[in-house]
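Keeping their order, the protein sequence lines are chains A and B.
For our numbering, add 794 to where a residue sits in the first sequence, where the first one is 1.
For our numbering, add 213 to where a residue sits in the second sequence, where the first one is 1.
Derived from the structure by calculation, the hints contain no laboratory data.
Predicted model only: the values in this text are computed from it and were never measured.
From the three backbone atoms N, C-alpha and C, an ideal C-beta is built for every residue, glycine too.
It cannot be assumed that every hint is accurate.
Unchecked claim - In the DMTMM-like style, the derived pairs of lysine to aspartate or glutamate whose C-alpha atoms are separated by at most 20 Å in a straight line are:
hint, chain 1, residue 1, chain 2, residue 2
1, B, Lys388, B, Asp372
2, A, Lys885, A, Asp845
3, A, Lys867, A, Glu882
4, B, Lys386, A, Glu825
5, B, Lys386, B, Asp421
6, A, Lys867, A, Glu887
7, B, Lys443, A, Glu832
8, A, Lys865, A, Glu887
9, A, Lys865, A, Glu883
10, B, Lys443, A, Asp845
11, B, Lys388, B, Asp421
12, B, Lys386, A, Asp845
13, B, Lys388, A, Asp845
14, B, Lys386, B, Asp351
15, A, Lys885, A, Asp871
Said to hold, decoys possible - Just so you have them, the derived chain B footprint on chain A, three or more residues with Cβ under 8 Å:
hint, segment
16, 822-833
17, 849-858
What the hints assert, rightly or not - The following label-pair restraints were derived from C-beta to C-beta distances:
hint, chain 1, residue 1, chain 2, residue 2, range
18, B, Gln360, A, Gly847, 42 to 50 Å
19, A, Glu825, B, Ser422, 15 to 23 Å
20, B, Gly424, A, Val864, 32 to 40 Å
21, A, Gly846, B, Ser418, 21 to 29 Å
22, A, Lys867, B, Ser404, 24 to 32 Å
23, A, Glu832, B, Ser417, 16 to 24 Å
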Amino acid sequence: MALSVPSVGGSAAVIAQFDTESDVLYLSLGEAVASYSEERPNGVILRWAYDGGWPSGVTVIGFRGHQWRVKAKELSDLAAAHLGVNWEEVKAEIRRVT
Amino acid sequence: MFAEAIDHKQANDPNLGRLPMPAAQFATSFAKLRWQPTYSPSGWVSNGGMELAYLSETLAAGSPPRPLSGNINCGGHATGTTKLRYNRAVVVPRTNVVLDTWEIGLGEDDGATPLAAERQQIVPALWLMPSFRAPIFDVVPTSIPRQLRPVNRIVLHQDTWDRHIIPGHPELKGKEQDVEDVASDPSVVYSSNSMITDYLFVKSSVVDSQGRPLRVVVRAGIVVTAYYSKAPGGRQIWP
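All chains, please: the whole structure from these sequences, using the hints.
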């Protein structure tokens, strides 16, 4: 499967949005694109773009319920490894929206 | 135009309090109300929703919007019997009913109380509206026997869909009906492995182009997100 990560302004940027009502965190590499998903433990869902199969994002169901905020480094590592970005960038973006 | 009417009414009716949000925002929210016979929007109008739905269904099918006249008396509000009176309602085809002159009063309508006295108790509709979240659907998972249902009703809120699910999962754009189909007629329900409060609803016929089922995550009867995935991702609780 060909992997072609999109470039946003020269480098892929992680964008987060948090649904406080539903306790769901969405992380995407650049603007979110149509993707399929695979579930991982602790509410983590990894997403891959239909078009190209590149790792496109991470959805976290039950962000607060799983106490991911206090395990931000662990979640950032996991998301960064999937998205191929720096974990500190992911962590900062998570902090920004949660 | 509706927003202007609200502004005008606010300015000229001393019995009405102030709207806690701009009239235009209220008009937008109000226009999104989808009156359904079984739906009670946050309890602020119960039977009224049913009656309006009846009027909507009766009068709007295949006909252009037209004005109505009359009163609707509603019961069931927690603070007392709620009464919704409309002087002229425009029934928009399909599901929306727009009231361009509206009042909500509290108290029993005994049929004899002078209107002026009733109006003393009139409060603006929006005092009862801030917590209202317009639903895209509110369904019963009818394919599951009543005694086995993990939840009795499933609601997808418009704001959850517009502000979170679609921006996070754009592959679901335009798939509201699919989500509703899964919620109302699931073929399998899983209990989430990671969140004991969550259920994953799946319908074997609702899949993406590569056969991945649409998985709808339901918590306390509310859709929190949805996505396409092949993984089981939970303990099957039904059937």
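Problem - Given pair status - Asp372 (chain B), Lys388 (chain B), alpha carbons within 20 Å - result: 15 Å, holds
Problem - Restraint check for Lys867 (chain A) with Glu882 (chain A), where alpha carbons must lie at most 20 Å apart - result: 8 Å, holds
Handout entry: Restraint check for Lys865 (chain A) with Glu883 (chain A), where alpha carbons must lie at most 20 Å apart
Key = 15 Å, holds
Problem - Holds or violated: Lys386 (chain B) to Asp421 (chain B), with C-alpha atoms at most 20 Å apart - result: 13 Å, holds
Practice task
Mind taking a look at whether chain B covers the segment 822-833 of chain A? Criterion is 3 or more residues with CB to CB distance under 8 Å.
Solution key: holds (count 9)
Practice task
Please work out if Lys443 (chain B) and Glu832 (chain A) have their alpha carbons no farther apart than 20 Å.
Solution key: The given pair, whose Cα atoms are some 7 Å apart, holds under the 20 Å limit.
Problem - Verdict for Gly846 (chain A), Ser418 (chain B) (Cβ pair) under range 21 to 29 Å - result: 28 Å, holds
Exercise for the section: Given the hint that Lys388 (chain B) pairs with Asp421 (chain B), test it: the Cα-Cα distance must not exceed 20 Å. Expected result: The given pair, whose Cα atoms are some 11 Å apart, holds under the 20 Å limit.
Exercise for the section: Sort out whether Asp351 (chain B) lies within 20 Å of Lys386 (chain B), counting only the CA atoms. Expected result: 19 Å, holds
Practice task
For Glu832 (chain A) and Ser417 (chain B), compare the CB-CB distance with the range 16 to 24 Å and indicate the outcome.
Solution key: 19 Å, holds
Problem - Beta-carbon spacing of Gly424 (chain B) to Val864 (chain A) - inside the hinted bounds 32 to 40 Å or not - result: 38 Å, holds
Exercise for the section: State whether the coverage of the segment 849-858 of chain A by chain B holds or is violated, taking the criterion as 3 or more residues with Cβ-Cβ distances under 8 Å. Expected result: Three-residue rule met by the segment 849-858 of chain A, so holds; n is 4.
The earlier numbered hint that this structure contradicts is number 2, and it is the only one.
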